[in-house]
Amino acid sequence: MELLNTIFVAPFIDMFSAPDFLIQVLWEGFVSGILYALLALGFVLIFKASGVFNFAQGIMVVFAALTLVGVYALLQSLGLSPAFAAWISLFLTIGVMGILALSIERVVLRKLVNQPDIILFMATIGLTYFLIGFGELVFGGEPQKMIASELGIPSGSTSFDVFSGVVILEHADITAAIVAAVLVVCLGFFFSKTRIGRALRAVADDHQAALSVGISLNQIWVIVWFAAGIVALATGIMWGAKSDVSFALQIIALKALPVLVLGGFTSIPGAIVGGLIIGFGEKIFEIYWGGLIGGGTESWFAYVIALVFLLFRPQGLFGEKIIDRI
Amino acid sequence: MKKLIKIGAAVACLTTAVAATAPAYAEDVLYIPSLSYRTGPFAGGGTPNANGFADYFNMLNERDGGIGGVKIMLEECETGYSSKKGVECYESTKGKGALVYNPLSTGITLQLIPKAPVDKIPILSMGYGLSATAIGEKFPWTFNYPTTYWNQLSSILKYADSKGGLKGKKVGFIYLDVGYGKEPIPLLEILAKKMGFTITKYPVGVKEMQAQSSTWLKVRKDRPDWMIMWGWGAMNSTAVKEAAKIRFPLDRFIGNWWSGAHADMRPVGEAAKGYMAANFSGIGTSFPALQDVIKYVVDKGKSQVKSKDLVGDVLYNRGLFNAVVVAEAIRAAQKATGKKAITGADMRVGLETFKLTKERLKELGLEGFTAPIIASCKDHEGAGPVFIQQWDGKDWKRISDLIPPMNDIVRPLLEEAAAKYVADKPGWKTQTCK
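Residue numbers (the working numbering), protein chains in the order written: chain U, 1 to 326; chain V, 1 to 434.
The following block holds chain V by itself, in its conformation from the complex:
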């Protein structure tokens, strides 16, 4: 009997302790899970992004006491860029009052899209994920500001077209042979017909990321006029090295915004001189917001960044910009609902109503950092422009103005793709926008 009482008491204590420590984040904090990857083959891209994302929220906590007087609580969950682990992270954090998920992986995003409306937590796949989620009516819970892979591709092709025309030319498309890399292919095939160029595809398997000599021998054989890359991780630096090796002109080789990081090109150095990539977020630390991050977070040793020199890198700033969009959406949600501590459903409203205007960017200390975004119910991407940057052997330099996408062509295709996605999912909830 004594033993039973002891066991009973132990269980009661344990239950009380668990209950006491069980997170009730929604009540007093703004809880944001960060599905990051600081380990594994893609850590080189995941780490700076995660640092920029975390440091901006830390800065808001330190400088402003959070957002609207409520502290932000960021919890990282390591995915290793694995969809399976990403879903595990989602499942283990969604019950803690998560406001929004930023999966940093197209594979994970694809897994979470159907879960978002069920759990009422929006997904912001900023500059990745499923392009069709730009259609707000069909995907009320998924957002991909400031622009989609499809629109980005159209901007890249516009840039290439402006350098001597693409009609009658050969374009090679080298891509990581996973969901992310294949995403823009349907649009590429359509635009090839419309713009009058031919395409040759060069898939690179994950195992072959660092063994691309066959791929580039084929490029040498096919002699394309332009090469476009949808790469990630070690694939990028290897591809640029191999391109230089076969003497492919690097000023005819453009990567997408995940193929143009400092982490990619530093190991290649001078050999990558001339290689270009798209980008939509500022480079460097000359922006007042970045200076605040350094002052309130990095200099105080509250950042995970290994060296101050890495602040302002392309992917660090991309992660920071992701945090800016989340923070602005939280503010919009607080304003719309009148609540300080918001829920995932409120956050969805915020993601459809925030306005990151030119003036607001200036107020935030990010003037000229990126193009304005006006969120809306209908348009969950904003069809934002990109610019082209070029590696000068040591650093990325912006070499073009903002290039708007071919939205007139892309938008109907996105609508078609969204309708197709929804068509075979009975019970899928859409929304009507004014």
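Looking at chain U on its own, in the form it has when it is part of the complex:
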């Protein structure tokens, strides 16, 4: 009886006896969720275009963030003002991600058209190790400070007195949520309402069929890898602002896996809804139930949520139900 009370009653009493804290938990869940969605989006874009899980998405986050702070340091040493140097660095980094996308298409993907998916997947593993080595060679392994304030990301926080308690909203978290939401909406619009978006869907369905109707597979791949590079840059800035910019950021990409399982590998709305479900779910479970089993539940609870959903929708929430003729 005591056990049942601890599991089914006490956590809810906790929630409603401190509603200000519950609001804080929900806010943190929302911020995490939207950032997970952003991470997952990078994977979804490339999966949609090539049917390949991009193993290199995590290191692309690191590479983009390190390029940004590295270029900024270079421009600073030339005497440019911090804000000007930061914005120039941002545009130059976008350029670098463009060059990276072009290079990946030319050097890696072009040779692999129509190869089995596992070959493309292996190629992204190779790309990961190349970017790790290249990044370390150019930028070194030391953690760097993200140039958040220089880019105009506000610091500090705003407190609200709610239900005789306090809810703290970090300005950086608010900015992260807004940027992620805007990026997600823009990418969603771009890939669902534009000609390139339709071409992308055609490529995702069948490489050869897409080629036969005149869609340039190479061009689509460059665009998609570039878009994934921009998502990686945004992810690197937001997560980098929360801690630091180092190679540890690549681990954060692992947080996107349950989101992808839940939302489906091919759906942009799936990445958003999946991210939010995981964000809210893991925070609420860890805070109100985590203590019962020693805490630290976030490392696995997201997968439990994903597996529960998969029992009912194996293709993920928004994934395409594919029936193959055998």
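Simulated from the structure, these hints should not be mistaken for laboratory data.
One or more hints might be untrue.
[Unchecked claim] Okay, derived cross-link-like pairs now, BS3-like style, lysine-lysine, Cα gap no bigger than 30 Å in a straight line:
#, chain 1, residue 1, chain 2, residue 2
1, U, Lys-145, V, Lys-394
2, V, Lys-71, V, Lys-362
3, U, Lys-145, V, Lys-182
4, V, Lys-84, V, Lys-207
5, U, Lys-145, V, Lys-306
6, V, Lys-71, V, Lys-295
7, U, Lys-145, V, Lys-302
8, V, Lys-273, V, Lys-158
9, V, Lys-397, U, Lys-145
10, V, Lys-300, U, Lys-145
11, U, Lys-145, V, Lys-308
12, V, Lys-207, U, Lys-145
13, U, Lys-145, V, Lys-201
14, V, Lys-120, V, Lys-339
Predicted model only: the values in this text are computed from it and were never measured.
Dock chain V against chain U, hints included.
Relative to the frame of chain U, chain V by itself:
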């Protein structure tokens, strides 16, 4: 037939070439493998440590021609902080005449402890590893000078206790959820009972190092009076940022000596002002030995350090101190055996006999850098003191005297833990000390 002769000749040439280039380091050099990690998620801590370690040996080579007239040969092997890779590094270098292993990882140390007596190469896990290896009788081949995680924890608790008492207080323990982070928990639980405080544990998974908001929401809910951290890598800066975010008083938040590096706090800057950490090695370059390192190694472009400003950082100096202990043990081994080029077994003797006294520290150009260490057969850690440093927004500043550990409480517990480790390992070789 001609073809066979050609193949035979090629094989012979190859064999000769391999034999000629096969390392015979033990004969003419002091070969020290460095299991470093300059890549991967923990490179931010591994790189400065590896730089300090390498630069001190380079300086001895450049300035003194090595140790006792024998050049030191340092070979780095990249582990990426992975136990599996660490063991691979060990296996690939042990046959080259390795004198001692410094794994720079508790996980790797735990893997190497059983190998050390078999291969007769000692392990120096300086300020990390298995605390119980402090008991020399039970672990003849493993050393953890100048002090263990357990003793460090007792010094940290002593410091917290001196700031208003811990009795009746709540202490939160946030740790990286791997072997290293869990190491001091048994002692923490015992000391909580003895000192009358309660503990709440906050594990942080490697994947969650940079996503700690849940952990700190729990801290906000639990409202501990003190927070103690056993973190590493990006976990440290994230934890301090999250603590500041929930407005946890940073002058009630103490990290261990792996949670208090410049690399950790520089990215946080002003927001980390007030955060504290334990340390046992000096900060800065004001020591003559550090000046020699700059003169003979850094200024000559023989260091891997990216900028001269990074010399003297907490972890750079920690790596350098590690090299000092190794160098002193080599000298002691040379003296004890009368040999210039020593073996791993000789090195073990050196690690049990070196004396890093106050006077010796002065001779080395490290006066006040650290507390003296008197090595012994019985005590492989030295139960050295630590001091507390505080981040002022830009740099670490020492804010306490040396705080000796609660050795009277900790030593019997270490002996118990050592006996327990050995009990289920039949054939484990112990030693008797006078």
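Checked hints:
1. U:Lys-145 - V:Lys-394: holds, 13 Å
2. V:Lys-71 - V:Lys-362: Holds, at roughly 23 Å.
3. U:Lys-145 - V:Lys-182: Within the cut-off at roughly 29 Å; holds.
4. V:Lys-84 - V:Lys-207: Holds. Lys-84 (chain V) to Lys-207 (chain V) sits at ~19 Å (cutoff 30 Å).
5. U:Lys-145 - V:Lys-306: Cα-Cα ~16 Å, so holds.
6. V:Lys-71 - V:Lys-295: holds, 19 Å
7. U:Lys-145 - V:Lys-302: holds, 27 Å
8. V:Lys-273 - V:Lys-158: With Cα atoms ~22 Å apart, Lys-273 (chain V) and Lys-158 (chain V) stay inside 30 Å; holds.
9. V:Lys-397 - U:Lys-145: holds, 21 Å
10. V:Lys-300 - U:Lys-145: holds, 29 Å
11. U:Lys-145 - V:Lys-308: Answer holds: Lys-145 (chain U) to Lys-308 (chain V) is near 19 Å, not above 30 Å.
12. V:Lys-207 - U:Lys-145: holds, 20 Å
13. U:Lys-145 - V:Lys-201: Holds, because 29 Å separates the two Cα atoms, which is no more than 30 Å.
14. V:Lys-120 - V:Lys-339: Holds. Lys-120 (chain V) to Lys-339 (chain V) sits at ~17 Å (cutoff 30 Å).
When held up to the earlier numbered hints, the structure conflicts with none and fits them all.
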